[in-house]
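Chains as they are written, first to last, in numbering that gives the first Met the number 0: chain A, 0 to 512; chain B, 0 to 328.
Hints are computed from structural coordinates only; laboratory data are not their basis.
For each residue, glycine too, the CB sits at the ideal point set by N, CA and C.
Careful, some of the hints might be misleading.
Derived lysine-lysine pairs resembling DSS-like cross-links, with alpha carbons at most 27 Å apart [stated by the list, open to error]:
(1) 207/B x 323/A
(2) 58/A x 341/A
(3) 296/B x 207/B
(4) 323/A x 117/B
(5) 133/A x 119/A
(6) 341/A x 264/B
The following residues of chain B were derived to be distant from chain A, with all beta-carbon distances above 12 Å [claimed, not checked]:
(7) 36
(8) 205
(9) 261
(10) 283
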Amino acid sequence: MVESKKPLLEIRDIRKSFSGVMVLNSVNLNLYEHEVLALMGENGAGKSTLMNILSGNLKRDSGQVLINGEPVDIETPKDAAEHGIAIIHQELNVVPSMTVAENLALGNEPKNRYGLIDKKRMRQDALDKLSPIKASIDPGQMLGELGVGEQQMVEIAKALAQHARILILDEPTASLSKGESEQLFRLIQELCEQGTGLIYISHRMEEVFALADRLTVLRDGHTVMTKDIAHADQNEIVAKMVGRTVEKLYEHPAREVGAEELIVQDLRLESDGPAVSFTVHAGEVVGMSGLVGAGRTEIARAIIGADPHASGTIRLKGKEFRFKSPKEAIGHGVAYLPESRKTQSIFPVRSVEDNISISSLDQYLTPLRLIAKGKLRSDVVASMESVNILKRLQHTPITNLSGGNQQKAIFARWLLKDSELLILDEPTRGVDVGAKQEIYELINDLAAKGKAVLVISSDLPEVLGISDRILVVRQGAIAACLSSQEATEESVMSYATGVAASQTADSMASGTN
Amino acid sequence: MKSKNMDWASIWEKVGMPFVLVLLVVFMLIKAPNFGTMSNLFNVARSISINAILAAGMTIVIITAGIDLSVGSTIAVSGCVAVLAAQSGMNPVLAVLLGVLVGAIAGFVNGWLIAYCKLAAFIVTLGTMTFLRGLAYTITGGLPIVDNNLSFRAVGNGYIWKVPIPFVIMIIVYLVVWVMLDKTRFGSHVYAVGGNPEAARLAGINVKRVLLSVYVIAGVCAGLAGCIFAARVVSAQPTAGTGYEMDAITAAILGGTSMAGGKGKISGTLVGAVILGVLTTGLVLMNVPFFTQQLIKGVVIIIAVLIDGLKQNSFSFNLLGRKTAALSD
Numbered sequence: 000m001v002e003s004k005k006p007l008l009e010i011r012d013i014r015k016s017f018s019g020v021m022v023l024n025s026v027n028l029n030l031y032e033h034e035v036l037a038l039m040g041e042n043g044a045g046k047s048t049l050m051n052i053l054s055g056n057l058k059r060d061s062g063q064v065l066i067n068g069e070p071v072d073i074e075t076p077k078d079a080a081e082h083g084i085a086i087i088h089q090e091l092n093v094v095p096s097m098t099v100a101e102n103l104a105l106g107n108e109p110k111n112r113y114g115l116i117d118k119k120r121m122r123q124d125a126l127d128k129l130s131p132i133k134a135s136i137d138p139g140q141m142l143g144e145l146g147v148g149e150q151q152m153v154e155i156a157k158a159l160a161q162h163a164r165i166l167i168l169d170e171p172t173a174s175l176s177k178g179e180s181e182q183l184f185r186l187i188q189e190l191c192e193q194g195t196g197l198i199y200i201s202h203r204m205e206e207v208f209a210l211a212d213r214l215t216v217l218r219d220g221h222t223v224m225t226k227d228i229a230h231a232d233q234n235e236i237v238a239k240m241v242g243r244t245v246e247k248l249y250e251h252p253a254r255e256v257g258a259e260e261l262i263v264q265d266l267r268l269e270s271d272g273p274a275v276s277f278t279v280h281a282g283e284v285v286g287m288s289g290l291v292g293a294g295r296t297e298i299a300r301a302i303i304g305a306d307p308h309a310s311g312t313i314r315l316k317g318k319e320f321r322f323k324s325p326k327e328a329i330g331h332g333v334a335y336l337p338e339s340r341k342t343q344s345i346f347p348v349r350s351v352e353d354n355i356s357i358s359s360l361d362q363y364l365t366p367l368r369l370i371a372k373g374k375l376r377s378d379v380v381a382s383m384e385s386v387n388i389l390k391r392l393q394h395t396p397i398t399n400l401s402g403g404n405q406q407k408a409i410f411a412r413w414l415l416k417d418s419e420l421l422i423l424d425e426p427t428r429g430v431d432v433g434a435k436q437e438i439y440e441l442i443n444d445l446a447a448k449g450k451a452v453l454v455i456s457s458d459l460p461e462v463l464g465i466s467d468r469i470l471v472v473r474q475g476a477i478a479a480c481l482s483s484q485e486a487t488e489e490s491v492m493s494y495a496t497g498v499a500a501s502q503t504a505d506s507m508a509s510g511t512n
Numbered sequence: 000m001k002s003k004n005m006d007w008a009s010i011w012e013k014v015g016m017p018f019v020l021v022l023l024v025v026f027m028l029i030k031a032p033n034f035g036t037m038s039n040l041f042n043v044a045r046s047i048s049i050n051a052i053l054a055a056g057m058t059i060v061i062i063t064a065g066i067d068l069s070v071g072s073t074i075a076v077s078g079c080v081a082v083l084a085a086q087s088g089m090n091p092v093l094a095v096l097l098g099v100l101v102g103a104i105a106g107f108v109n110g111w112l113i114a115y116c117k118l119a120a121f122i123v124t125l126g127t128m129t130f131l132r133g134l135a136y137t138i139t140g141g142l143p144i145v146d147n148n149l150s151f152r153a154v155g156n157g158y159i160w161k162v163p164i165p166f167v168i169m170i171i172v173y174l175v176v177w178v179m180l181d182k183t184r185f186g187s188h189v190y191a192v193g194g195n196p197e198a199a200r201l202a203g204i205n206v207k208r209v210l211l212s213v214y215v216i217a218g219v220c221a222g223l224a225g226c227i228f229a230a231r232v233v234s235a236q237p238t239a240g241t242g243y244e245m246d247a248i249t250a251a252i253l254g255g256t257s258m259a260g261g262k263g264k265i266s267g268t269l270v271g272a273v274i275l276g277v278l279t280t281g282l283v284l285m286n287v288p289f290f291t292q293q294l295i296k297g298v299v300i301i302i303a304v305l306i307d308g309l310k311q312n313s314f315s316f317n318l319l320g321r322k323t324a325a326l327s328d
């Protein structure tokens with residue numbers, strides 16, 4: 000039905016690399032009027048980069064963007080708007096402390112004859128702009144007082160008012176309730192009927208199948224599939240999303256698994272949220288997989304007391320704890336390596352030694368409560384050796400190290416502390432391949448020493464390569480618990496995206512297999 | 000280019016300010032009459048003590064990326080309380096300790112509001128600065144209360160083997176703070192909280208308690224400085240310490256403490272305080288008019304901020320570099 004028409008937006012062979020790393024490598028995509036095109040792909044497949052190129056935030060290295068068959072140059076966000084391209088990002092681009100009308104008029108405020116803002120007209124304009132989205136929103140209300148769904152509606156209204164014909168929605172339902180999502184879907188269908196072309200980025204299969212006319216899958220910066228949704232099959236999509244050759248990065252020695260180190264039972268972050276139960280044994284590496292935003296970090300933060308939780312029990316070596324702060328958790332042998340090295344792990348201007356020793360100072364106090372620097376230094380050096388950081392870097396500011404070395408230094412922090420349970424949140428993010436391999440070896444060593452290790456990772460081959468068991472988290476709940484034998488990239492991705500139905504709670508909670 | 004920049008910055012940080020101090024002293028020895036005499040040097044030592052003690056506390060606060068504007072007013076309140084207590088017959092040692100305690104309480108209120116109520120340090124201490132000044136006027140009735148027989152006057156005017164007591168107290172304060180920042184767990188935690196509070200919390204540091212403590216320490220320093228001030232002028236002065244918080248901040252920043260937090264050395268602050276003291280005394284000896292002195296000191300403050308700004312710029316330049324790299328993830 001659509002093949003005969005000229006595409007509204009055409010992307011031809013777009014390439015983009017950052018400091019030598021190819022992020023987009025020949026991306027091709029067509030979008031027609033009156034259609035919803037779903038764009039899918041794993042984390043890091045290049046969706047965001049592509050969107051940033053279309054919105055004028057990034058410049059492409061090569062390739063063409065055509066609108067109505069005409070090649071265009073999109074250099075700035077303003078260019079994008081002039082070409083009728085609007086993007087609704089996951090994180091909304093609104094000013095919460097201003098009214099809806101002010102937000103809609105932002106940058107283009109109507110003026111009266113004295114050169115002051117014409118409030119009356121601004122309100123009327125706002126009503127006009129809000130009418131296509133058919134939501135009863137008061138223009139005089141503070142935007143921050145609206146729900147996320149309504150804020151999103153306002154942003155869509157703003158885009159439409161700027162005559163957007165190409166509307167790109169990036170994971171729009173990520174933070175919406177069910178009712179809000181349904182309202183959004185109705186609006187999407189209406190816009191589609193009016194002729195707008197929509198690109199819908201989502202990980203959620205059911206939404207894609209309900210909304211989209213066609214589907215394009217990106218993997219490692221390539222377009223790997225484009226199909227009418229009527230001919231598409233969920234398992235095929237998942238296979239296309241993950242189907243890459245697995246590198247020989249991982250060594251998975253056979254391990255003797257010990258006693259239960261951590262037992263989480265019916266943990267609820269919110270009182271009406273899903274209950275989470277799982278176990279990690281001493282000497283075991285448990286992987287925690289799932290899509291970004293599935294709630295993995297939130298579970299980890301609740302366990303270590305970084306954030307409060309509503310209910311549930313957490314047992315360490317059989318003893319129940321409810322940590323009120325990370326300090327308490329660390330005191331009981333729990334280490335947490337945070338997701339974001341830059342903002343949550345490192346102390347930027349401090350030396351490598353200071354960064355490593357910060358959590359272990361209690362162990363090095365003299366009777367006068369001073370720090371025994373000599374002993375501390377030799378132990379820090381030993382921990383640096385075990386993570387393979389050169390000794391001469393001991394007094395260097397940590398920010399002078401590469402990302403991989405910084406992460407290894409944070410590992411050394413917890414080796415020095417000698418924790419029993421290590422929760423590693425995206426331990427290899429932003430780390431080069433060499434350091435990755437070293438980190439996998441460290442994880443193996445820790446397990447061999449009888450430590451319990453929980454690894455949160457969005458990197459599927461990594462989770463499959465290093466874990467004894469894999470927990471798949473979806474929408475805050477554990478959707479599956481797979482043994483390393485039964486887990487494949489496809490099966491994990493199926494559970495993560497909701498293609499495969501959840502296992503029953505009994506088979507999940509059961510232990511070692 | 001970036002590494003060259005870093006090198007310049009690190010060399011400047013190590014020797015820049017001591018070098019400026021040496022130049023300044025040499026200049027004053029040549030130009031200012033009587034600058035090099037023993038009595039004048041002790042005079043300089045005495046006059047820098049109060050600011051240096053304030054600056055020691057201020058340095059710890061600024062390392063946590065905070066600020067304490069209330070220390071000048073604390074000087075007045077604690078000084079007045081100590082004088083009134085001594086006048087009413089309290090043991091002089093206890094009277095001074097009471098003054099210090101008043102400073103600690105003021106610091107506790109600041110710290111509690113900042114750490115546990117999560118209010119901005121600038122606003123909180125701006126408020127307590129005004130409140131404490133008002134309190135000083137209230138307890139003195141608005142006028143100085145002079146007591147020529149003040150029991151603890153030695154704290155401001157006495158000598159130990161020809162060395163002025165305020166200077167001795169200052170040296171003790173600096174030794175204590177140096178040990179605290181450099182040799183104790185608390186000191187490491189102060190730097191960590193200032194450098195990255197979220198990372199500090201996740202690394203197992205009680206961030207709130209660290210923040211509360213640094214304001215108490217700043218308050219104690221201010222209380223001590225208040226008693227020295229009162230002893231020197233043998234009176235309870237409700238206007239004592241007006242504007243001193245700014246000199247303390249200047250000394251800390253001249254000494255290399257970064258307003259962005261996480262960075263600073265107490266030895267640097269001492270150098271900064273001595274530079275300010277030498278400058279002030281030298282200009283007086285050179286008969287530079289008061290107005291001109293203000294001009295010169297103003298320029299010095301701007302230069303200090305400029306140096307801090309340059310350092311921060313190279314830091315944010317780094318961040319920017321990493322930010323673009325992060326987009327590729």
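Quick rundown of the hints versus the structure:
Note on residue 207/B and residue 323/A: the hinted pairing holds, with a Cα-Cα distance of about 13 Å set against a maximum of 27 Å. With a C-alpha separation of about 26 Å, the suggested pairing of residue 58/A with residue 341/A holds against the 27 Å cut-off. For the hint linking residue 296/B to residue 207/B, the alpha-carbon distance of about 36 Å lies beyond 27 Å, and the restraint is violated. Between residue 323/A and residue 117/B the alpha-carbon distance is near 18 Å, which keeps this suggested pair within the 27 Å criterion.
Of the supplied pair hints, the one linking residue 133/A and residue 119/A holds, its CA atoms being roughly 21 Å apart against a limit of 27 Å. With a C-alpha separation of about 24 Å, the suggested pair residue 341/A and residue 264/B falls inside the 27 Å cut-off, and the hint holds. Here residue 36/B stays apart from chain A, with its beta-carbon at least about 40 Å from theirs, past the 12 Å limit. A cut-off of 12 Å between C-beta atoms contradicts the statement that residue 205/B is not in contact with chain A; the least separation is 6 Å.
Not every beta carbon of chain A lies more than 12 Å from that of residue 261/B, the smallest distance being close to 5 Å; the non-interface claim is violated. Consistency note on residue 283/B: stated as away from chain A, and its beta-carbon is indeed over 12 Å from all of that chain's, at 38 Å minimum.
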